[in-house]
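The numbering used here puts the sequence shown at residues 1 to 243.
Derived from the structure by calculation, the hints contain no laboratory data. Where hints are given, some of them may not hold.
Claimed, not checked - Label-pair restraints from in silico Cβ distances:
id, residue 1, residue 2, range
1, R206, P117, 39 to 49 Å
2, A72, A11, 17 to 27 Å
3, S109, S192, 24 to 34 Å
Stated by the list, open to error - Below, computed lysine to aspartate or glutamate pairings styled on EDC-like, alpha-carbon distance capped at 16 Å:
id, residue 1, residue 2
4, K80, D240
5, K220, D116
6, K220, D127
7, K220, D240
8, K80, E25
9, K182, E102
10, K80, E214
11, K182, D114
12, K220, E239
All C-beta atoms in this analysis are idealised placements derived from N, C-alpha and C, irrespective of residue type, glycine included.
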Amino acid sequence: MTDTTDQSGVAALAARLAELRAEREHLIAGLTGSVASGKTTLAAGLSDVLDDSMRVATVSTDGFLYPNAILAERDLTLRKGFPETYDIAGLGQALADLRQGEADFPAYSHVTYDIDPALTRTIERPDIFLLEGLGFRAPSPPPRGTHEPDLLIYLDASEEDLLAWFLERFVRLWNAARTDPKSFYANFLHMSEPELMAFATSVWDRINLPNLRENIAPLKEHADIVVLKARDHSIRIVEDRLA
């Protein structure tokens, strides 16, 4: 099932970001939450709303994952997405550079599951910069440094829903790989769908769920804004610590 995030919730969050941006010249907002929570879709929805009145740019932290070769060298391949697999210093420097005018942001290919230098984007400082993904740390007390977002949004959902969305996405990308031999998911085309579901569930249990519980979910207590997403993809702001 395709994620069709509730637009009224998106509009409310976009309005709040516009309010916060009005208090300063530029705003860098971090957006985090579990794998499969819909961070990319929410960021795109926010951008669509905010683009009507200001310049908005959206980037994923995935671009700051270390390349697969480095992860393999450090024996971190099976921990991709955990904090130690991100170039935190590089991400911080890019944010600091962006505040000065422009910065280069590397990008990650979800086809090859690796960094793709050809996808690097040079971004000029927008009114609102949305940085979505994993790899965030608990924000510093305000005023925050130039190397971190001005605020952090946490996209919350139940573990049951997150697993359901993860499996739906896995199967969708697996089916798409039938016509795209370059897709990472082509590696699993020899599996039957029941075998694929069992494998995807094991990936969730061994990698994504521990990362959620150990590293991602604790950020909820430190986030400036908490947004709750229901099974039907509707969202609502449940905590606004900047109000």
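We went through each hint and held it up to the structure:
no., hint, verdict
1, R206 <-> P117: 39 to 49 Å, "violated (30 Å)"
2, A72 <-> A11: 17 to 27 Å, "violated (43 Å)"
3, S109 <-> S192: 24 to 34 Å, "holds (27 Å)"
4, K80 <-> D240, "violated (30 Å)"
5, K220 <-> D116, "violated (31 Å)"
6, K220 <-> D127, "violated (25 Å)"
7, K220 <-> D240, "holds (12 Å)"
8, K80 <-> E25, "violated (35 Å)"
9, K182 <-> E102, "violated (32 Å)"
10, K80 <-> E214, "holds (14 Å)"
11, K182 <-> D114, "holds (12 Å)"
12, K220 <-> E239, "holds (10 Å)"
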